[in-house]
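Given the sequences, and given the hints that come with them, work out the whole structure.
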Amino acid sequence: MDVRVEYAAQVKRAAGIAAETVAVADDCSLQELAGQVAAAHGEALQKLLLDEGGGLQPSILIFVGDEQVRGDAARVLNGRDTVTFLSPISGG
Amino acid sequence: MTERSPLTAEERAVYEWQMWVPDFGEEGQQALKTASVLVSRCGGLGSVVAYELAAAGVGKLVLAHAGNVKPSDLNRQLLMTHSWLGKPRVESAARRLQELNPRLEVVAVPENVTEGNAAELVGQVDVVVDCAPLFGERYLMNREAVRQQKPIIECAMYELDAQLTTVIPGKTPCVACLYPDDPPAWKREFPVFGAVSGGIGCWGAMEAIKVIAGLGQPLLGRLLTCDLRDMTFRVRTISKNPKCPVCGGAETS
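Quick mapping for you: the protein sequence lines, in order, are chains A and B. The first sequence maps to residues 2 to 93 in my numbering. The second sequence maps to residues 40 to 292 in my numbering.
No lab work stands behind these hints, which were simulated from the structure alone.
Only pairs whose alpha carbons sit at most 27 Å apart, straight line, appear in this in silico BS3-like list of lysine-lysine: (1) B:LYS226 <-> A:LYS48; (2) B:LYS210 <-> B:LYS99; (3) B:LYS210 <-> B:LYS189; (4) B:LYS189 <-> B:LYS249; (5) B:LYS282 <-> A:LYS48; (6) B:LYS189 <-> B:LYS282.
Structural data, given as structure tokens:
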């Protein structure tokens, strides 16, 4: 199935794109999606999205549609879901 | 907030056009007049937040920002001027704000928010607008806002991205709910245009005005994300962390 992935702030910079459609397995989880896009876009994105153990970085905010998903890396995605990975930004 | 005082003839003249806004009017203007707001820091974000709050008729601003004006400030820190290079930032901010609004009470603190002053600074005001570049300062303001039960508006930007949310302790996620740890990827210096920081600063000021005056629907439990590269604006729902060490994640009011 296809899911749309959007990147915001520093995640977008690391990915090099703002959004893409990604083909994933029908039972793809958020964790697996993060691993797949991290592998596709290289080390910079990998360091932002994943911790040393390969799990989701706790500092990254994740949204499915416009709802925040917290602590649910195993959540299975639906076709045509839009997943956003957003890195925290501050001010100045 | 302190007891409301009637508007003077001068104030009526200055704020006439905003008092025409439905659900705001004279009552809303009086609310602003008697309100106080902490803006920290007063750089790219905070300059514009403070300027718009001064323009709107907030009674008192507490500005916290250490250091002197540098050349690299001048692409976005609109309360700083070329003539003030090398001189204290808060003094320039106070000077420019008073030029716009001589009725405004300005408390200019030449310090950034620290463990040593956070409680005192937040204690002086009704509302906090967080414009700090470092998450350490954000966490301090958040902790005090939660402890003292004061609203805090969170503004942020990076390149052409911007974010905004309003925290009401006990009702919404707090900063620690959203960002449980100091994000490792965030750097003190980052790419940004003044139009981006200023834009979200204007809207952050508007959130503060809405909270003070009871106007409209502030971004409670919602995060506005903006990508000015392609003009994508989204309002997303954010959630409390039930195990938040700062706010506890529980609804209190």
